[in-house]
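Single-letter residue listing:
2 protein chains.
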Amino acid sequence: MADKFVYCFGRGSAEGNADMKNLLGGKGANLAEMTNLGVPVPAGFTISTEVCKLYYDNNRQYPGHLWDEVLENLKKVETAMGHKFGDQNNPLLVSVRSGARISMPGMMDTVLNLGLNDDTIQGVIKQSGNERFAYDSYRRFVQMYGDVVLGVGHDKFEKLLEAKKESRQAKSDTDLDARALKELVKEYKQLVAKETGSQFPDDPFEQLRKAIGAVFESWDTERAVTYRKIHNIPGHWGTAVNVQSMVFGNLGNDSGTGVAFTRDPSNGNKIFFGEYLLNAQGEDVVAGTRTPQPINKAQKKDNGGVSLEESMPEVYNELVGVYQNLEKHYKEMQDIEFTIQQGTLYLLQTRTGKRTAASAVKIAVDMVKEGLIDKKTAIMRVSPAQLDQLLHPTIDPKASVKAVAKGLPASPGAAVGRVVFSAEHAVLEAEMGHAVILVRNETSPEDIAGMYAAKGILTARGGMTSHAAVVARGMGKCCVAGCGAIRVSEEEKIFTVGDQVVKEGDFITLNGTTGQVILGKVALVQPELSGDFGILMEWVDEFKTLKVRTNADLPADAAIARKFGAEGIGLCRTEHMFFGEERLPIVQQMILADNKEARLEALAKLLPFQRGDFYGIFKAMAGLPVTIRHLDPPLHEFLPNREELIEKITEIKVTLKYISDEKEINRLKSQLHEHENLLHKVQSLHEFNPMLGHRGCRLGITYPEIYDMQTQAIIEAACQLAQEGQVVEPEIMIPLVGTVEELKTTKAAAIKVAESVMAKQGIKIKYSIGTMIEVPRAALTADAIAKEAEFFSFGTNDLTQMTFGFSRDDAGVFLPGYVEKGLLPEDPFVALDQVGVGLLVQMAVAKGRAVNPALKIGICGEHGGEPSSVEFCHRSGLNYVSCSPYRVPIARLAAAQARIKEKASVKQELD
Amino acid sequence: MADKFVYCFGRGSAEGNADMKNLLGGKGANLAEMTNLGVPVPAGFTISTEVCKLYYDNNRQYPGHLWDEVLENLKKVETAMGHKFGDQNNPLLVSVRSGARISMPGMMDTVLNLGLNDDTIQGVIKQSGNERFAYDSYRRFVQMYGDVVLGVGHDKFEKLLEAKKESRQAKSDTDLDARALKELVKEYKQLVAKETGSQFPDDPFEQLRKAIGAVFESWDTERAVTYRKIHNIPGHWGTAVNVQSMVFGNLGNDSGTGVAFTRDPSNGNKIFFGEYLLNAQGEDVVAGTRTPQPINKAQKKDNGGVSLEESMPEVYNELVGVYQNLEKHYKEMQDIEFTIQQGTLYLLQTRTGKRTAASAVKIAVDMVKEGLIDKKTAIMRVSPAQLDQLLHPTIDPKASVKAVAKGLPASPGAAVGRVVFSAEHAVLEAEMGHAVILVRNETSPEDIAGMYAAKGILTARGGMTSHAAVVARGMGKCCVAGCGAIRVSEEEKIFTVGDQVVKEGDFITLNGTTGQVILGKVALVQPELSGDFGILMEWVDEFKTLKVRTNADLPADAAIARKFGAEGIGLCRTEHMFFGEERLPIVQQMILADNKEARLEALAKLLPFQRGDFYGIFKAMAGLPVTIRHLDPPLHEFLPNREELIEKITEIKVTLKYISDEKEINRLKSQLHEHENLLHKVQSLHEFNPMLGHRGCRLGITYPEIYDMQTQAIIEAACQLAQEGQVVEPEIMIPLVGTVEELKTTKAAAIKVAESVMAKQGIKIKYSIGTMIEVPRAALTADAIAKEAEFFSFGTNDLTQMTFGFSRDDAGVFLPGYVEKGLLPEDPFVALDQVGVGLLVQMAVAKGRAVNPALKIGICGEHGGEPSSVEFCHRSGLNYVSCSPYRVPIARLAAAQARIKEKASVKQELD
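Chains as they are written, first to last, in our numbering: chain S, 1 to 911; chain E, 1 to 911.
Bear in mind the hints are in silico, worked out from the structure with no lab data behind them. Don't take each hint at face value.
Any copy, or any two copies together, can satisfy a pair, since identical chains are not distinguished.
[As the list claims (entries may be wrong)] Below, a list of computed lysine-lysine pairs in the DSS-like style, where the Cα atoms sit at most 25 Å apart:
no.: 1; residue 1: K653; residue 2: K669
no.: 2; residue 1: K681; residue 2: K648
no.: 3; residue 1: K653; residue 2: K663
no.: 4; residue 1: K766; residue 2: K744
no.: 5; residue 1: K681; residue 2: K493
no.: 6; residue 1: K657; residue 2: K493
no.: 7; residue 1: K406; residue 2: K681
no.: 8; residue 1: K766; residue 2: K76
no.: 9; residue 1: K229; residue 2: K787
no.: 10; residue 1: K165; residue 2: K189
no.: 11; residue 1: K669; residue 2: K648
no.: 12; residue 1: K229; residue 2: K847
no.: 13; residue 1: K766; residue 2: K752
no.: 14; residue 1: K856; residue 2: K901
no.: 15; residue 1: K669; residue 2: K657
Sequences are here, hints too, so could you generate the full structure?
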């Protein structure tokens, strides 16, 4: 243990640096770093974390010479700043703050303006020429100190403040004059004396000693201990204490304060960008009571005013030097805060600046060009989640927006359009060239055409992986789902939200990125993929090893995904093809067939449609692998709604009791008969839990002819393409396999059909057969299954449903509450649950590869486009992820980042 | 490899024995064993399996001296039997059969009467004095040999036989006289010559050589290879060939044949029990053309006749010696076949005799008393599955029964009663003292009272773990479920099966053990638990280490289970208590409550009911642990049916269009309003997949007040009992936990309530809090969960549903087909899927115990009473299984057997 406890910084040199976070805490180390860089930082010193350790190890005793060291360093600060602590003419005021290795917000409040008393205030009044400011600072100091150091409740001070305002008929704090504030200081001190039994300490040195002690004590409060427990922070780390001189930007017109970015955060342009106010404190900028001025002439165009560049050219030049220095040092765009005290520039803080997605991309690419950072660093600088902004229209940031309701941000982007309540209507309106928003209680596969026609989708029910959400994301279409605040009456063609009624044809705007629902039209900004985006994505591909495919059911979607860099199709859902206007009746005919012959007849009619679909997809993806999943949903999804049939039948039955027109009676009777027959079939296919019902390969085993037709269509389409000289690798994927025997049976059937088609056509194409791993049992028995499968594709939507026992259509009732109460860190349908579901994934990978090292493994659940899940997939050794077209770039970036992180951690281990 | 290939047996000594199965095959070794025991067995010899191996290893060549060895041994057989092979005066006839290590039925047919030709037949005619018999034997031999050895299709012979019968106007084979049969032999031989191009071999030695060759060849047929693949029998095992002299029981009145059991198989009494026929062959006994006679005087009471004891006292006495010898040797009740050829007794076969459950128990207990076997062996001798027969009424075996339909054997036993179609009606009829069978499409929790009132339950839909099945088993009530052949119209109060219509009030009989549905009344036999049963169960408890608890929701069930030896309650489902007539309205009031206050008000009314329930259960189980599960099902289960509400509303709406009576209009309008409000709530609680919905602890987290009320009721009831001086250990079980946070939250709430109740009452009781493991994620993260749980209870019903992704209410559509097609070895809702679901169980046990070695672990799914699953639970280290009351003895026996098997296998490993 060192015998040095206090580390000074100021006037261009510091005893610490950024690498000494363990000893000086994060804040202390950074203040030292800035100082060493030659950045003008208000002088101060840091009492090391070792003191905290010694304090607790030695029965709450400080090391003997600590106070001497503090006094010694205080002297250095006085020299550096040209003020004297406790001096009544030229007083030095300081702030006292805690600072652990990593930031622990809320652990201990800051004490500002320490050093004030009835004597030193005179010096402040004299130097500032502003008595009110001086007493306001004094009153704030007593309140803060009383609360934080002496433990007198904040609310007790506030009560006195309120009483004072009342007695002076002051509306806000700022209406209180210097006299009132002076009285308040007195009253505050009386309060402290009453509450603590001791006088408020007037001696600045006593103030300082006690404040330092309070910080160290705060390390052991229940609040802090709990916080550390939650965040796994060891108690023996301890906290440092930072004592820093106060500077004021409101000491006259040679003073001021401002904030600036080293580059323009809205577009990333390499322009120094910021605002400032003369004779003001930081809070004045924030409060908005005065309009800040542009920092330099370049920004003056619109808003006039006098820039800092003009008002204080020397200070401005110094600031330019500082920001360039900082950006070069941190190799990152910085967000800085500065104060000018009587012509002297001080930097109070520098940190990484927040930015829009577009500027993040531009800055990263520019910095590589400038030689500031390498490609890897550039890739790590762009957040994949943020990238979404670049790919969809967004609400114009300049528009003023008032949302009337908020649902789940189910599919990003924004959309404006007239409200429609049915898929048919959506199609009609779209054909007339109108932009429409489809509003439904929930969507079902029958609504696909309408969803495709609409600009956006709004549903009252359903979660992040409800039908509406999944399909909308697949289409890259804006969607707000599960918006419980709206009541939709599809019958009356209205929806209400609170008292407001929205009728069909009214305009609304949706923000699928935030979940906001806005009445009326709001201006949108169209996405623009800059050249920088392309450059960054090229670099991404240099690093990533995980392939990125897309989930696409239509040639158009496949083409978009390919444009976004998709390396194949990981999931083509054949069922979406069954809902076309010409097809649904044939599908229903197939389902209602009483015997195999009738079913085969209907299937023969479907074959050319399916072949055409696959041909289109294959053509769009020529040269790349395409995974086609055999029919998955239960058959009743293709039949009319059960409740509606019951309603219709009851309606006819009751009507028949009352009418006498024979012709009408006959008409109704024959209708009734038809409905009843249909209902009988619907009832017989009805399931209590369709999620766990007769679907996936269970259908293919009960009705092998359905899968046979699909295999035939796939292989015929691939052969056709081969004849045209284009190569495609169809991968036939069997859904919902839970036992190896299911795969064996369906695989044998598929091979038989495929070989027969190829023999007939005299063409050999490469194809493979694999399975979804989406039933927990498949993951548990992956070793057996891998012997029969050429590839695995994790269907993590269903796997999540079954592993948690959550129905994604129903979980909306309790899942948001779970996340809110901390029962789950995140919605497991959004970010893969790595602990539970992830364990099954890892088991399946290990078991599968153990018996079949050549096994190709991917994921085609919604998680394939979510960054943390993509990283998990990379770590778990998957070959590819597959996601909706608009998430392909996000997945690519996440994959590259995962690879870079992994390499870094391997390097760290080797170092 | 030995240079001895043929092993002789006969005349009291054999070269082989029972331990030489690998070399001689099962049949050969057993024939040798019997011979060595001094049992008179027709002499013969076995050609070893090594010959088979050599044959295939050496390009289908036999070892050089094989035939010499065969001839040598044939001589020994001639000597032993006093006949000569191929001799025309005193011919020896033999049978040739295959015989592998383990029986492979259907691999190769037997050739009987080998050695017959136009010369030797004369000897047979002379010795038997029965020309027709001789030619019938001859014609059978040619047919059998032609088919099996020469490969001429069986049907071709049959055609000739049919033609012969037609030409002679014979109705059956027996109507053909010796001449016709003689002609047939000739025609058969012509057929063979035509089909094979060679004459039928008349030389007995050629016949024998070819027959032996055919047996060895049969080892390599496609049929045999497939069979071995399916049953994992290595190809290199090979088969042996048994050549044995034929004996005939129809050579006059000093000959005969019979079958006998060493004890009475119907009741286990120690009485030699059997039947015989003079001057007859085995097939005459089977064909039933003549009535067999009792074997001894003791059996003569009813059916007169002359017993073997009387007709051939010496032979009978010899037979008695033989059977006693056999039973003593095999230490098991034997089922023997014998033939008497001209005064000489031959044993043809001995094997373990089949028996009823009652006799299995009696024989096992008796044999221990007789010192024949030890207790362990006795326990292993009774099949747990069979035990079920002892605990329920069964259909009188004497009754002639014709089933009209067959459903799933959902709950064992039999029941007779009048058909009713509603639970209310069942209750009314039962109150009037009528026995009723409740017939429904499917049952729901609202039907509980009616199910309780009925003698048996029949449903058209649902599987082995449908509501009807589970509840019926819990009540020990006969149930046939998922009987697809019946169409139930609850409205019209009829069900139809084919053309037959069964009306309310008609009698039917159900056999829940087989799934049979029988029209009318059938006589039943009531179960009787003998003293032997009690003795066996006492021994069982000496061996088993796995505890057996029961699933019981009512004090009466708990009492029955305790009588059956239950060591506590492993699952008390509180929801069944919510359906009582007085309670359901309060439960609905609670669910429909718009706010917490209203909900609390309803819960306060439920509290005394629940407390009373628990008090009753605790009292019945005083001294034992009782696990009570907090509310599990989704709330909509307690509300009216959605479809019915829709129907009612539509009905009123349409009616309102047509009527004009104002009073009626007002009445209907107010009704409509009420229904619509209710429907609104029902719709809002409606779930697409209720299995995966808002249920279990998810409810307890959304509405903590429900679980709080239940905890309060549990602890108050336990305190009350404690005050009365009785001890109970309540175990509070949280259902459907998937994350440790869920358990933490609900556990903290339960502790708070429990401590507050105990503080209030001034009583301390011991209670514990644990969780179901029924969600796959709970098993996967059992290490985290075990830190918070005092016990785990595997809910293998739900765990099976989620691990397979099978809804047990819907799987009936495809699951039977899966088992039929071999995609699954068994219904996983009946026998635990050890490969998949079992892996999760074992992971959870290992992970749970790793962090919490004191963790108590049980199972409370339906599998807890299924023998193979109980064995799995024992092997997996569980502390207890819990099952429905009537399965407690079965589980106890299975647990003891599991323990004994385990010890045996450990011993084997150590040996």
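Going down the list of hints, with the structure as the test:
1. K653 / K669: both (9 Å within a copy, 20 Å between copies)
2. K681 / K648: Both. Shortest intra-copy (16 Å) and inter-copy (22 Å) distances satisfy the 25 Å Cα cut-off.
3. K653 / K663: So K653 and K663 pass the 25 Å test inside a copy (16 Å) and across (23 Å) alike.
4. K766 / K744: For K766 and K744, the Cα distance is within 25 Å only inside one copy (20 Å; across copies 53 Å).
5. K681 / K493: between (31 Å within a copy, 22 Å between copies)
6. K657 / K493: For K657 and K493, the Cα distance is within 25 Å only across copies (22 Å; inside one copy 31 Å).
7. K406 / K681: Between copies, since 23 Å is at most 25 Å while 40 Å is not.
8. K766 / K76: Cα proximity of K766 and K76: none, with 79 Å in one copy and 67 Å across.
9. K229 / K787: between (46 Å within a copy, 17 Å between copies)
10. K165 / K189: Within one copy, since 18 Å is at most 25 Å while 128 Å is not.
11. K669 / K648: Result: close both inside a copy and across copies, 12 Å intra and 20 Å inter.
12. K229 / K847: Close across copies (24 Å), not inside one copy (36 Å); limit 25 Å.
13. K766 / K752: For K766 and K752, only the intra-copy Cα distance (15 Å) is at most 25 Å; the inter-copy one is 65 Å.
14. K856 / K901: Classified as within: same-chain Cα gap 23 Å, cross-chain 42 Å, threshold 25 Å.
15. K669 / K657: both (12 Å within a copy, 19 Å between copies)
In the structure shown, a violation is registered for the earlier hint numbered 8 alone.
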